[in-house]
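Put together the whole structure using the sequences plus the hints.
Chains as they are written, first to last, in the working numbering: chain W, 363 to 486; chain S, 1019 to 1311.
Treat the hints with caution; some may be incorrect.
[Claimed, not checked] Lysine-lysine pairs mimicking PhoX-like chemistry, simulated, CA-CA at most 25 angstroms apart:
| id | chain 1 | residue 1 | chain 2 | residue 2 |
| --- | --- | --- | --- | --- |
| 1 | W | 461 | S | 1224 |
| 2 | W | 461 | S | 1170 |
| 3 | S | 1224 | W | 436 |
| 4 | S | 1206 | W | 461 |
| 5 | S | 1310 | W | 436 |
| 6 | S | 1170 | S | 1206 |
Simulated from the structure, these hints should not be mistaken for laboratory data.
Since the model is a prediction, treat every value here as computed from it, not as a measurement.
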Amino acid sequence: MARETVEFEDFHTQVAVRVKGFRPVVQRPHLLEGKAGPAIGQKFVLDANELILGRGDKATLPLDSEEVSRQHAKLTRNEGEYTIEDLGSRNGIVLNGLKVHSAILRDGDQVQLGDVVLAYREGT
Amino acid sequence: MSDIFVRFWGVRGSIPTPGPRTRRYGGNTSCVEVRVGDTLMVFDAGTGMRELGVHLLKARQKELTVHLFLSHPHWDHIQGFPFFGPAYVNTTTMYVYGPKGDDKNYQLLSGQMANAYFPVRFADLGANIVARSFAGNTVKAGEVKVKSFGQKHPGGSVGFRVEHGDKSVVFATDSELDQLLTDPDIVKREPESLRELPDDLVAAVKGADLLIADAQYTDTEYTQKVGWGHPRATTVVDLAVQAQVRQLALSHHDPMHSDRDVDLMVLECQERAESHGVELEVFGAREGITLKV
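The following block contains the structure:
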């Protein structure tokens, strides 16, 4: 039997509209906000399954800093969560003060790439 | 020489604790992936192992070999095994390690899949699952050397040291260090002073680039939990200091501890390391992060 469904881009799932106790809401995207360095004050809406952070032409999320590698890190969306992964950059990824190779991001995390500091804000 | 990659899949102690108050550090119980080149080692089979299985199956490797090391067979260290997807696939080989002449780990891992507890029988799993023993206290997983050492815990537990080239990672959970102090009274007499631990334990951890350690209790909580098999987090710092460890991951977070509580314990432990005048990086183990050692 065909059912009316609503698809949630972030969660790759479908939920029947008439489920009791459930009301579809407008999805707000996850964001990265520039907190220090050259990206200060900038907001980056995370709206793709894969994004490349870097200062090169191939970066889909460009960061204008010599301390950021051309392809510094990759953001991958999986079931509504973003994972950040080092692409072999010179200065690495520092998550809340800890150098990591990769991490699933959580609301409020501070991510540092060279002199660029970004805060991760989860949408709904 | 390959790097060592360490990924945390479960960092909670005792029982899974999902929910908003534990979302950042995570609610799954003990499971850590350690990878060196193509060699995949898994330390503990707590509920975090389910997500690891999902991750491995997505990679669609033709053949998969998993070296599984169990600190001990208490629930929070084996419960994820029946939900580990690759165990159901006939292209997977799993080696389950235990002490020489003792296949207790293998038996208890399979025993939890008895019909009264779980609907799928161990014998029906598709993977080739083989019990392996340590020869003495050392074994080779691929080209990687793994050493084991005994710990203080009700029923016993084992710590592991992974060595590759000049790098080393120690996995030491469920270890009541405070029961091993050479001078137990020092905690009351001089709480700020270094709490000395036995030489053999310090040697097992000596110079590790990363120590992943059970740090379940605050000093206050520990007084009510003596003999339960877990240490004061501050005593773990003292072990790391004596062993000249580079990085300390506090793990086996108490199920009653929220993310905020863990943050405060990490802060307290960082301050203790500083008070001892050493450069030790202390952080809280958190699900979903990977470190390159």
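Evaluated hints:
no.: 1; hint: 461(W) with 1224(S); verdict: holds (22 angstroms)
no.: 2; hint: 461(W) with 1170(S); verdict: violated (32 angstroms)
no.: 3; hint: 1224(S) with 436(W); verdict: violated (35 angstroms)
no.: 4; hint: 1206(S) with 461(W); verdict: violated (36 angstroms)
no.: 5; hint: 1310(S) with 436(W); verdict: holds (16 angstroms)
no.: 6; hint: 1170(S) with 1206(S); verdict: holds (21 angstroms)
Checked against the numbered hints above, the structure breaks hints 2, 3, 4 and satisfies the rest.
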